[in-house]
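Enquirer: In case you want the letters, here they are:
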Amino acid sequence: MPIDLREHNPDDDVDIRPGTNKAAIINLLYQETNLAYTPAEIQDALGLPRGTTSTTLSRLHNDGLIGKTSDGLYHGFGHRDDLRQFARSLVQLEDLFTRYPDPGLTPDDVVQTGEDAKTELPTDRRAEHHTPSAEPAPSDWMSETGGNSDENEEQ
Amino acid sequence: MTYYYPQGSLVFAADPTGAHSNPRPVIVISTTDRPYVKQEATVVCLTTQSEYSYEVTELPSHVLDGLELRKTSYVMPWAIYTIPLSAICDNLPSGTLTPDGLELVANVIDEMVRP
Numbered sequence: 001m002p003i004d005l006r007e008h009n010p011d012d013d014v015d016i017r018p019g020t021n022k023a024a025i026i027n028l029l030y031q032e033t034n035l036a037y038t039p040a041e042i043q044d045a046l047g048l049p050r051g052t053t054s055t056t057l058s059r060l061h062n063d064g065l066i067g068k069t070s071d072g073l074y075h076g077f078g079h080r081d082d083l084r085q086f087a088r089s090l091v092q093l094e095d096l097f098t099r100y101p102d103p104g105l106t107p108d109d110v111v112q113t114g115e116d117a118k119t120e121l122p123t124d125r126r127a128e129h130h131t132p133s134a135e136p137a138p139s140d141w142m143s144e145t146g147g148n149s150d151e152n153e154e155q
Numbered sequence: 001m002t003y004y005y006p007q008g009s010l011v012f013a014a015d016p017t018g019a020h021s022n023p024r025p026v027i028v029i030s031t032t033d034r035p036y037v038k039q040e041a042t043v044v045c046l047t048t049q050s051e052y053s054y055e056v057t058e059l060p061s062h063v064l065d066g067l068e069l070r071k072t073s074y075v076m077p078w079a080i081y082t083i084p085l086s087a088i089c090d091n092l093p094s095g096t097l098t099p100d101g102l103e104l105v106a107n108v109i110d111e112m113v114r115p
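Taken in sequence, the protein lines are chains S and E. So in the working numbering, spot 16 of the first sequence is number 16, and the numbers just go up one at a time. So in the working numbering, spot 76 of the second sequence is number 76, and the numbers just go up one at a time.
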């Protein structure tokens with residue numbers, strides 16, 4: 001399905017709910033954007049039903065959130081730093097719930113007595129753009145200037 | 001509307017896997033100056049448990065605006081995460097810390113990281 005360029009903005013916010021099939025596929029494809037998957041591989045990796053997988057892949061592709069090669073492999077886009085960042089935050093969210101599963105405080109233990117916290121973003125922060133966050137390799141980044149810790153332990 | 005949760009917001013985050021039915025209360029510690037402010041937030045976790053090997057600090061009720069906690073809650077400064085904004089439940093209670101509350105949380109984290 002073609003995308004209406006008058007309504008399409010590649011810098012739109014990532015508006016995908018964690019826990020959805022869309023989020024699971026984005027999470028998989030944006031862990032390493034140099035890797036491409038067949039729909040069957042995605043289905044197996046995520047344990048999704050076949051029809052659900054193909055429908056969700058089509059929607060993500062139509063929305064311009066993932067790429068598809070001419071031979072039918074799906075992949076994340078290397079230039080979509082926002083989606084890669086989203087995938088990383090999904091991993092952290094899962095880690096939060098795995099490591100600290102029982103907070104002891106549920107929504108029933110909290111009473112709303114005033115305004116909620118949700119706030120409109122200041123206009124000067126809405127048009128932010130990000131440069132790719134590729135970091136140098138460790139050897140290009142820093143070098144040892146003294147003895148290493150193994151040598152120190154042996155002394 | 002493009003929205004966010006300001007620094008000091010006390011909100012509930014939902015488990016993306018559905019494995020845990022209870023959402024988790026967290027405090028947003030990032031400001032609008034953080035990158036990707038439209039899609040994620042940095043948060044510190046709250047707990048009702050006080051028996052950890054690392055000392056936890058109570059979040060007193062008088063440092064909260066807009067909501068009231070029925071259980072004594074503590075800040076876990078070692079449990080800091082970046083989570084998607086869309087994981088924050090906007091249909092559950094939320095509120096904000098007062099300036100004193102923000103100062104308390106900042107001090108708790110500062111105590112952990114300062115040499």
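Among the hints, erroneous ones may be present.
Simulated coverage check for chain E against chain S, where a stretch passes if three residues somewhere in it have a Cβ under 8 Å from a Cβ of chain S [to be verified]: (1) 35-45; (2) 49-63; (3) 68-80; (4) 93-107.
These are computed hints drawn from the structure, not numbers from a lab. Quick reminder that beta carbons are idealized off the backbone N, C-alpha and C, glycines included.
Enquirer: With reference to the structure, classify each hint as holding or not holding.
Expert: Checked hints:
1. 35-45: Per the Cβ count (7), the hint holds.
2. 49-63: It is violated: at least three residues are needed, and the region 49-63 of chain E offers just 1 whose Cβ sits closer than 8 Å to chain S.
3. 68-80: Per the Cβ count (7), the hint holds.
4. 93-107: holds (count 4)
The structure does not agree with numbered hint 2 stated previously, though it agrees with all others.
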